[in-house]
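Taken in sequence, the protein lines are chains R and A.
First residue of the first sequence: 108, per this note's numbering; consecutive thereafter.
First residue of the second sequence: 9, per this note's numbering; consecutive thereafter.
Be aware that one or more of the hints could be misleading.
[Claimed, not checked] To list a few chain R residues with every Cβ distance to chain A over 10 Å, as calculated:
1) 144
2) 287
3) 394
[To be verified] A few chain A residues facing chain R, derived, Cβ under 10 Å:
4) 120
5) 121
6) 126
7) 138
8) 218
9) 222
If you're looking for bench data, these hints aren't it; they were derived computationally from the structure.
All of these numbers come straight from a predicted model, not from anything done at the bench.
Ideal Cβ positions, reconstructed from N, Cα and C, are used throughout, including at glycine.
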Amino acid sequence: MIRLEHVGKTYPDGTVAVGDLSLEMPSGTITVLVGTSGCGKTTTLRMVNRMIEPTSGRITIDDRDIASIPTHELRRGIGYVIQQAGLFPHRKVLDNITTVPLLLGWDKKRARERAVELMALVGLDPALGTRYPVQLSGGQQQRVGVARALAADPPVLLMDEPFGAVDPIVRAQLQKEFLRLQGTVQKTIVFVTHDIDEAVLLGDQIVVLGTGATVQQFGTPSEILRRPANPFVADFLGEDRGLKLLALVPAKKIAARALSELNGQWQLELDAAGRPLGWRPRNGTAHAPPVPLTAVGPDGTARNLLDAAISSPARTAVQVDAEGRAVSLVTYDELGDHLMETLT
Amino acid sequence: MSWSGRHLSGNWDVIWHYTGIHVRLTLIALAIGAVAAFALAIYCHRTPRAYGVVLASTNVAYTVPSLPLFILIGSLLGVLLSDWPLIIGLAIYTLAILVRNIVEGLRSVPEHVRLAADAMGYRPFRRLVSVELPLAVPAIIAGLRLASVSTISILTVGMIIGKGGLGILFNDGFKRNITVEIWAGVIAVMVLALVFDVTLSVIGRVLTPWSRLRARA
Numbered sequence: 108m109i110r111l112e113h114v115g116k117t118y119p120d121g122t123v124a125v126g127d128l129s130l131e132m133p134s135g136t137i138t139v140l141v142g143t144s145g146c147g148k149t150t151t152l153r154m155v156n157r158m159i160e161p162t163s164g165r166i167t168i169d170d171r172d173i174a175s176i177p178t179h180e181l182r183r184g185i186g187y188v189i190q191q192a193g194l195f196p197h198r199k200v201l202d203n204i205t206t207v208p209l210l211l212g213w214d215k216k217r218a219r220e221r222a223v224e225l226m227a228l229v230g231l232d233p234a235l236g237t238r239y240p241v242q243l244s245g246g247q248q249q250r251v252g253v254a255r256a257l258a259a260d261p262p263v264l265l266m267d268e269p270f271g272a273v274d275p276i277v278r279a280q281l282q283k284e285f286l287r288l289q290g291t292v293q294k295t296i297v298f299v300t301h302d303i304d305e306a307v308l309l310g311d312q313i314v315v316l317g318t319g320a321t322v323q324q325f326g327t328p329s330e331i332l333r334r335p336a337n338p339f340v341a342d343f344l345g346e347d348r349g350l351k352l353l354a355l356v357p358a359k360k361i362a363a364r365a366l367s368e369l370n371g372q373w374q375l376e377l378d379a380a381g382r383p384l385g386w387r388p389r390n391g392t393a394h395a396p397p398v399p400l401t402a403v404g405p406d407g408t409a410r411n412l413l414d415a416a417i418s419s420p421a422r423t424a425v426q427v428d429a430e431g432r433a434v435s436l437v438t439y440d441e442l443g444d445h446l447m448e449t450l451t
Numbered sequence: 009m010s011w012s013g014r015h016l017s018g019n020w021d022v023i024w025h026y027t028g029i030h031v032r033l034t035l036i037a038l039a040i041g042a043v044a045a046f047a048l049a050i051y052c053h054r055t056p057r058a059y060g061v062v063l064a065s066t067n068v069a070y071t072v073p074s075l076p077l078f079i080l081i082g083s084l085l086g087v088l089l090s091d092w093p094l095i096i097g098l099a100i101y102t103l104a105i106l107v108r109n110i111v112e113g114l115r116s117v118p119e120h121v122r123l124a125a126d127a128m129g130y131r132p133f134r135r136l137v138s139v140e141l142p143l144a145v146p147a148i149i150a151g152l153r154l155a156s157v158s159t160i161s162i163l164t165v166g167m168i169i170g171k172g173g174l175g176i177l178f179n180d181g182f183k184r185n186i187t188v189e190i191w192a193g194v195i196a197v198m199v200l201a202l203v204f205d206v207t208l209s210v211i212g213r214v215l216t217p218w219s220r221l222r223a224r225a
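If we strip away everything but chain R, and leave its shape as in the complex, we get (with noise of 0.2 Å):
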């Protein structure tokens, strides 16, 4: 566990980067830590590894007071990721991802073979292991970036708008994938971002942070989400929070109905398969083609479903399973009204 005690950050011309921080971040869990820009959530995520010393206050991990231990060793066992990835230019790919084992002293061929693991395991093909970073994607060098961090197993992981320089589709993805790592690798992290749709996402629990570093809120993304601590709080989750809450409802918990028991005047189209094709009406020609849908796939969303129903003719959103094959309905009514016991 990461603990910060009335922690604060004055700079020699007095401004009050961090005024006093308390905090508990849990061993293995994500801890995101959102504000707007200037709040103090970068100089708080660097007194964690000391690369700023805090002017008051105590952090300790797993108990251990980080001020006793030297900086150099201190971040040797704290992995360290930021937005542009930070990559060394001059060095290839795994020799970037050596570099934390070689200075603790690892041999050569350990640590290369770690390094061929690790790029295994954050979905990089080891072809890439002799290229420099510069041929690489932001994507890939965003994933290397992990992985050097990764590289000697630290127990704790800070990370500063990691996917914050990636283009939408590919941020989507290196989220996705950050969370089926950690639920592997199980570090303590610290996540610094100022978008709350990723704080949603990735933290198991999150920290709003108002000027100074002043904790605004500290829950669960839902918890957050259902009851804003103040109008501050409110107003930075933006005006769709209670879609936010929408996305962190699993559909598969929306009570669904059988493919059979669709009424009305539209028909759902299917291909040999199963998947489903689109709407058609059901006193319509079969010369026109069918209205397009969106399905909702296993993985999928309330909100998600909320989406498709209100796009659908129907009203109705369609469910399909891991091959797309259409599995079940859920209507527009029946959402709103399970909707409201799901959430109440």
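Starting from the known structure of chain R, arrange chain A on it as the hints suggest.
Just chain A now, kept in the frame of chain R:
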């Protein structure tokens, strides 16, 4: 050793002799200048406030014309007719060129790379050697190329004090009115400068395979 006759033939050994001296003096001056430049540049890199003062001083030194500089150093050393005023003067020019290039090279290391190095637990000296200096190599090589060409060229001025390798060929050719000798000296200087430049450029390419790769779209 001196030029005989009015033709090139039979004088290759003379050209080689002075080329050898020219190369030796160039290398010594470059080496001294480079070692001093590294020390000064690393100091300036760590103490940014000192950089302005150092830069101003080396720039002033660079503006002193070469001949007065050699004579000045010679009189300070008390030995005018030796290689050392020449070597030290040229080392000062090398220093002036290189300090700037090394400091700028070190400064060109992206902030996030430096940050990542710190965060991974590099201590300052190891960070300098393993991360910052390798990334400054392109700028350092550019400085060395400039310094070597300028050293080879200015070295010829040493002929006035009876030193300076190939410069002696044009001085002697002029005095004895041997056009071929003057040209031999001029061309040898140019070829030598070219050889140094190309060699350094190749060394730079070998040391920095990463710097010529194009970024992926």
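Taking the hints in turn, this is what the structure says about them:
1. 144: Consistent with the label, residue 144 (chain R) stays out of reach of chain A, its closest Cβ about 17 Å off (over 10 Å).
2. 287: holds (24 Å)
3. 394: Residue 394 (chain R) is indeed farther than 10 Å from all Cβ atoms of chain A, at 44 Å.
4. 120: Interface hint status for residue 120 (chain A): holds (4 Å vs cutoff 10 Å).
5. 121: Given a least distance of 6 Å, the restraint on residue 121 (chain A) holds.
6. 126: Constraint on residue 126 (chain A) satisfied, holds at 6 Å.
7. 138: holds (8 Å)
8. 218: holds (4 Å)
9. 222: holds (8 Å)
Taken one by one, the earlier hints all hold for this structure without exception.
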